[in-house]
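Let the sequences and hints guide you as you build the complete structure.
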Amino acid sequence: MNSGPALVSILRQGDTLVASVHTALDDSQMVRFQEDLVRQIGEYRARGVIIDVAALDVIDSFASRTFRALAEMARLRGAVTVIVGIQPDVAMAMVRLGMGMGGVATALDLEEGLGYLSELTGMPNARSGRPHP
Amino acid sequence: MRMTDDRTEMLPGEGDLARDHLLPQLVAHLREHRAKLREQWASRIRDAHLLEAMTPQEMAAETTSVYDNYVEVLETGSVEALQHYARDLSERIIPRGVETHEVVGIVLLLRDVLARSLFEKYEGDFGLLNEVLDAYEPAANRIANTVAVSFVDEHERVIRQQQDAIKELSTPVLPVRERLLILPIIGVLDSERARQLTEQLLNGIRTHRAKVVVIDITGAPDVDQTVANHLVQTVDASRLMGASVIITGLSPTIAQTLVTIGVDLSKMNTIGDLQGGLEEAERLLGYRVTRTEVTDGS
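Heads up: the protein sequence lines correspond to chains A and B, in order. Under my numbering, the very last position in the first sequence is 133; numbers go up by exactly one each time. Under my numbering, the very last position in the second sequence is 298; numbers go up by exactly one each time.
I should point out that these hints are in silico values taken from the structure, not numbers from a laboratory. Quick caveat, the model's predicted, so the values are computed rather than measured. One thing to keep in mind: the hints can contain errors.
Unchecked claim - Cut-off 25 angstroms, straight-line C-alpha distance, at most; resulting in silico cross-link-like pairs (SDA-like, lysine to any residue): (1) B:K267 to A:R75; (2) B:K267 to A:R65; (3) B:K267 to A:A93; (4) B:K267 to A:D89; (5) B:K267 to A:D60; (6) B:K267 to A:M99; (7) B:K211 to A:R68; (8) B:K211 to B:T290; (9) B:K211 to A:L25; (10) B:K121 to B:N69; (11) B:K211 to B:E279; (12) B:K211 to B:L274; (13) B:K267 to A:S20; (14) B:K211 to A:V104; (15) B:K211 to A:S20; (16) B:K267 to A:Q87.
Stated by the list, open to error - Partial selection, computed: residues in chain A whose CB lies under 10 angstroms from chain B: (17) Q29; (18) V82; (19) I83; (20) I86; (21) Q87; (22) P88; (23) D89; (24) V90; (25) M92; (26) A93; (27) G100.
Claimed, not checked - Derived DEER-like restraints, expressed as beta-carbon distance ranges: (28) A:L11 to B:R160: 36 to 42 angstroms; (29) B:G262 to A:G42: 43 to 49 angstroms; (30) A:G98 to B:P252: 28 to 34 angstroms; (31) B:G272 to A:A55: 38 to 44 angstroms; (32) B:R291 to A:G98: 42 to 48 angstroms; (33) A:D60 to B:Y287: 35 to 41 angstroms; (34) A:G98 to B:V152: 37 to 43 angstroms; (35) B:N229 to A:Y44: 41 to 47 angstroms; (36) B:E282 to A:D36: 38 to 44 angstroms; (37) A:V58 to B:E279: 54 to 60 angstroms; (38) A:E35 to B:I261: 41 to 47 angstroms; (39) B:P252 to A:V58: 41 to 47 angstroms.
All residues carry an ideal CB built from backbone N, CA and C; glycine is no exception.
Structure below.
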């Protein structure tokens, strides 16, 4: 049912997958994104996932639940998820509506997210090379 | 279309005639007895204990100018002149701490004093008195009304100006080191201020790429449920943007209040004072501060 072009580009950078969400996704596109990402984690043996939501000016409860679910699925597949680029207004709105990101790590932007992952996995620069768990 | 003559607003028919004919006469009367009427008015102001913030000299000057303007507006009936006069009066009088009821009070007193003098003048001819009052009352009421409205407007303008000033002053977000912000909260936090503070903090986090924020509430006298919840939200929102928050300066009273009212602060990182908070922040960011002088001689 989720055919057609994917709306979220998932890029591979060494052991990390970077998914930039460029536009507001409806519920079925969200599900498509989730399926794509979880599949690719296995395909590329990714250890880290960065979801960049800087372009979103709204994150609704379904989206935030999907992101949390995604992070949990990624963890089960062996990858750490960081959500980056939440805008100030979005952050405030999410908190006010009582929908945080649960235990999912967040960072200011892509650069910070990569830094966080490299610290966590002990990789010098989040590039290729086997991490030391 | 508006006629150039403001008198078209007055009663039609005979009223017009009466006004055209009587008002100049009335104004002449008020001008002629200026000194006496002004003195009567001033003494009634004193009796009513109005304008007590002013010295007698100030009051004499003020009442004279108000009186002259009043008569002039009565004569010309021009709305613009009236508004200008009322605005001018408010601007002069508000900085001296004069209250709204006083301004309205003195204008109404002047109206009454002048009306009394008209009664005296025309007491022999009841029909003429009626016509004079027909001409006088609407004009006098319009003056009182306009003065009151413009005084309140001026008051509100001053309040808005001050609120803007307070807003700008009240929430500084200060970068102390690279990626470290301090947000000192001073004074009472209401929900409007708390909202603004969060907004500024989140924007500050983005601009300065902050990783750690120290919120110091030493200067906040009290924290209630609403503000505490807002603090929790601020901490959560900052975390969503990748910055961790340290709260410092919780006074003994505030600590007791928070625990008593049952705000869940377990997720919050709190440290006793600002100094401790800064040290902890530096530790989180990997700074180590050392003195430049070598003290032990090694």
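Hints, verified against the model:
Between the alpha carbons of K267 (chain B) and R75 (chain A) the distance comes to roughly 23 angstroms, so the proposed pair stays at or under 25 angstroms and holds. With a C-alpha separation of about 21 angstroms, the suggested pair K267 (chain B) and R65 (chain A) falls inside the 25 angstroms cut-off, and the hint holds. Between K267 (chain B) and A93 (chain A) the CA atoms are separated by roughly 20 angstroms; this keeps the pair inside 25 angstroms, and the hint holds. About 22 angstroms separates the Cα atoms of K267 (chain B) and D89 (chain A), which keeps this hinted pair within 25 angstroms; it holds.
For the suggested pair K267 (chain B) and D60 (chain A), the alpha carbons sit about 24 angstroms apart, so the restraint of at most 25 angstroms is met. Restraint check for K267 (chain B) and M99 (chain A): the C-alpha separation of about 16 angstroms stays at or below 25 angstroms, so the hint holds. Between K211 (chain B) and R68 (chain A) the CA atoms are separated by roughly 22 angstroms; this keeps the pair inside 25 angstroms, and the hint holds. For the given pair, K211 (chain B) sits about 22 angstroms from T290 (chain B) by alpha-carbon distance, which is consistent with the 25 angstroms threshold.
Taken as a hint, the K211 (chain B) and L25 (chain A) pair is broken in the structure, with Cα atoms around 29 angstroms apart against an allowance of 25 angstroms. Distance hint between K121 (chain B) and N69 (chain B) is fulfilled; the C-alpha atoms sit about 22 angstroms from each other, no more than 25 angstroms. The suggested pairing of K211 (chain B) with E279 (chain B) holds, with an alpha-carbon distance near 14 angstroms, which does not exceed 25 angstroms. For the proposed pair K211 (chain B) and L274 (chain B), the alpha carbon gap of about 17 angstroms is at most 25 angstroms, so the pair holds.
With a CA separation close to 30 angstroms, the supplied pair K267 (chain B) and S20 (chain A) exceeds the 25 angstroms bound. Straight-line distance between C-alpha atoms of K211 (chain B) and V104 (chain A) comes to about 17 angstroms, which keeps the hinted pair within the 25 angstroms bound. Of the pairs offered as hints, the one joining K211 (chain B) and S20 (chain A) holds, with about 22 angstroms between alpha carbons and a cut-off of 25 angstroms not exceeded. Straight-line distance between C-alpha atoms of K267 (chain B) and Q87 (chain A) comes to about 22 angstroms, which keeps the hinted pair within the 25 angstroms bound.
Contact between Q29 (chain A) and chain B, as hinted, is not supported at the beta carbon level, the nearest pair being about 22 angstroms apart and thus beyond 10 angstroms. Among the interface hints, the one on V82 (chain A) holds; its C-beta lies about 9 angstroms from the nearest C-beta in chain B, closer than the 10 angstroms criterion. Because the closest C-beta pair between I83 (chain A) and chain B is about 8 angstroms apart, less than 10 angstroms, the hint holds. Look at I86 (chain A): its Cβ gets to within about 5 angstroms of chain B, closer than 10 angstroms, so that hint holds up.
At about 8 angstroms, the closest approach between the beta carbon of Q87 (chain A) and any beta carbon in chain B falls short of 10 angstroms, and the interface hint on this residue holds. Contact between P88 (chain A) and chain B, as hinted, is supported at the beta carbon level, the nearest pair being about 3 angstroms apart and thus within 10 angstroms. Taking 10 angstroms as the C-beta contact cut-off toward chain B, the hint placing D89 (chain A) at the interface holds, the least distance being around 8 angstroms. With 10 angstroms as the threshold, the beta carbon of V90 (chain A) comes within range of chain B, its nearest partner Cβ sitting at about 8 angstroms, so the hint holds.
Taking 10 angstroms as the C-beta contact cut-off toward chain B, the hint placing M92 (chain A) at the interface holds, the least distance being around 5 angstroms. For A93 (chain A), the shortest C-beta to C-beta distance to chain B is roughly 9 angstroms, which falls under 10 angstroms, so the interface hint holds. With 10 angstroms as the threshold, the beta carbon of G100 (chain A) comes within range of chain B, its nearest partner Cβ sitting at about 6 angstroms, so the hint holds. About 51 angstroms separates the C-beta atoms of L11 (chain A) and R160 (chain B), a value inconsistent with the hinted range of 36 to 42 angstroms.
Between G262 (chain B) and G42 (chain A) the beta carbons are some 45 angstroms apart, a value that agrees with the proposed interval 43 to 49 angstroms. Evaluation of the 28 to 34 angstroms hint for G98 (chain A) and P252 (chain B) yields a pass: the beta carbon distance comes to about 31 angstroms. The hint said 38 to 44 angstroms for the Cβ distance between G272 (chain B) and A55 (chain A), and at roughly 41 angstroms that hint holds. R291 (chain B) and G98 (chain A) have their C-beta atoms about 47 angstroms apart, which keeps the hinted 42 to 48 angstroms range intact.
Taken as a hint, the range 35 to 41 angstroms holds for the pair D60 (chain A) and Y287 (chain B), whose Cβ atoms sit roughly 39 angstroms apart. About 42 angstroms separates the C-beta atoms of G98 (chain A) and V152 (chain B), a value consistent with the hinted range of 37 to 43 angstroms. The hinted window of 41 to 47 angstroms between N229 (chain B) and Y44 (chain A) holds, with their beta carbons roughly 43 angstroms apart. The supplied range of 38 to 44 angstroms is met by E282 (chain B) and D36 (chain A), whose beta-carbon atoms lie about 42 angstroms from each other.
Here the CB-CB span from V58 (chain A) to E279 (chain B) is close to 39 angstroms, at odds with the stated 54 to 60 angstroms. Between E35 (chain A) and I261 (chain B) the Cβ separation comes to about 45 angstroms, which falls inside the hinted range of 41 to 47 angstroms. For the pair P252 (chain B) and V58 (chain A), the beta carbons lie near 42 angstroms from each other, so the given range of 41 to 47 angstroms is met.
Checked against the numbered hints listed earlier, the structure breaks hints 9, 13, 17, 28 and 37; every other hint is satisfied.
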